[in-house]
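Number of protein chains: 2
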Amino acid sequence: MKELKYCYKYPHPAVATDCVIFGFDGMSIKVLLIQRGIEPYKGQWALPGGFVGIDESAEECARRELQEETGLAGVSVEQFHTFSDINRDPRERVISIAYYALVKLSEVRGGDDASKAQWFSYNDIPSLAFDHDCILRMALRHLRDRICFEPVGFDLLPDVFTMTELQRLYEAILGVKFDRRNFYNKMLKLEVLTSAEPRPENASRRTPSKYRFNAEKYAELKQRGFRLEF
Amino acid sequence: MKELKYCYKYPHPAVATDCVIFGFDGMSIKVLLIQRGIEPYKGQWALPGGFVGIDESAEECARRELQEETGLAGVSVEQFHTFSDINRDPRERVISIAYYALVKLSEVRGGDDASKAQWFSYNDIPSLAFDHDCILRMALRHLRDRICFEPVGFDLLPDVFTMTELQRLYEAILGVKFDRRNFYNKMLKLEVLTSAEPRPENASRRTPSKYRFNAEKYAELKQRGFRLEF
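Just so you know, the sequences run in chain order S and D. Under the numbering used here, residues 29 to 258 are what the first sequence spells out, in order. Under the numbering used here, residues 29 to 258 are what the second sequence spells out, in order.
The hints are simulated quantities; they were obtained by calculation from the structure and are not laboratory data. Since this is a predicted model, take the numbers as computed values, not measurements. Watch out, some of these pointers could steer you wrong.
Which copy? The list can't say, so a pair holds if one copy fits it or any two copies do.
As a list, the in silico DSBU-like pairs of lysine-lysine whose alpha-carbon atoms are at most 35 Å apart [to be verified]:
id: 1; residue 1: K37; residue 2: K144
id: 2; residue 1: K33; residue 2: K205
id: 3; residue 1: K238; residue 2: K37
id: 4; residue 1: K214; residue 2: K33
id: 5; residue 1: K205; residue 2: K132
id: 6; residue 1: K132; residue 2: K238
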């Protein structure tokens, strides 16, 4: 057993980070989970994460653990809440700083390190280790709050997408159904979509138009302040 | 010197909380600071806060420290960010979970414990200890983001207020000037204000009407989703 060689005048909690990684498969919101290889909760699914090293910031820790455990590199993670209930970990007092990220499914390639990482539909999440169900629910709440003011949803779609895909994404995140024409008009009115390609002249009326997210227009919009109203 | 009797296999950071307490004096945003009595930064102004006890949650710690250092009790604090830069405290690695709260100035009574607590105008903050200027700036950013979607501003006003007071509050938080008539119309249109009292029959045109915040109307509005547009 390793020596207890780090000593302090007062008890210190351990500090960890946990990451909620959201994806979208065209129909439902997905969450990336890892299967725990060690106790406690050995064999159970959990959010990727781990202890903060004494020489790294929490965000550095989150990105490092994410890469080690899921193979995901270079992801932009956003801190949303710190969980500090005194009994949330049976080993010792552990405070967890939670991050979330939105990734395109196409960018995730499982590596050797990631053999135990797997996507689950948000509506079909297994029983999670620790208080990770609580962390996950709060992450979704943050995503819901943000999607009405920021185009975070576009981070979950492929670069080129149809209006139907965009509508399904908003429906999946917000847990509601929209009227097709209404959604279409509201999105176009925002002027943050650009046609992805000239429509082929021989396109039938049933060929859906393809769009890209227009980051420049969005930046303008954000300056003015806006809200997607549904 | 106290014994170093709490020992761990891996180095553990200390964890603290810091509180940004906002008030409003009718003209400008105020921040409650305390003067440090010990090193490091002895004599300098800082946010109220302190180390998280091993048997309390971060929120419990924030409320306890706030009461001990400023006399403020029963304040509803909201977590907004955790600061984890490795060199933010010269003593040891300290991670700080930051909270903010909005209080009515009339509710703050300095006690003996609070002898070193003092309100400063946001535009006239002295040089702060640690990274507290950074924590304070982020707290104001959160307040600005929230005030457009939630009636947080009303927590800073007396129960009964004039439209001019409300306008000055929004101007102080957002750092802009509004057209008086425009602001008035937008606020009335939101329907979250109620007349505080029947207008005296002999009131001159110059006697300002008094309002209260209507929490019930606001709850309705929030269900529908809204944004104050300026």
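Results of checking the hints against the structure:
Proximity of K37 and K144 under a CA criterion of 35 Å is satisfied inter-copy only: 27 Å between copies versus 39 Å inside one chain copy. Taking CA atoms no more than 35 Å apart as the test, K33 paired with K205 passes in neither setting, with 57 Å inside one copy and 58 Å between copies. Taking the shortest alpha-carbon separations for K238 and K37, neither the intra-copy value of 62 Å nor the inter-copy value of 55 Å comes in at or below 35 Å. Taking identical chains as interchangeable, the C-alpha atoms of K214 and K33 are never at most 35 Å apart, the minima being 61 Å within one chain and 62 Å between chains.
Taking the shortest Cα distances, K205 and K132 sit within 35 Å of each other inside one copy (23 Å), while across copies they are farther apart (42 Å). Taking identical chains as interchangeable, the C-alpha atoms of K132 and K238 lie at most 35 Å apart only when both belong to the same chain, with a minimum of 17 Å there against 52 Å between chains.
Hints 2, 3, 4, counting from the list given before, are not met by this structure.
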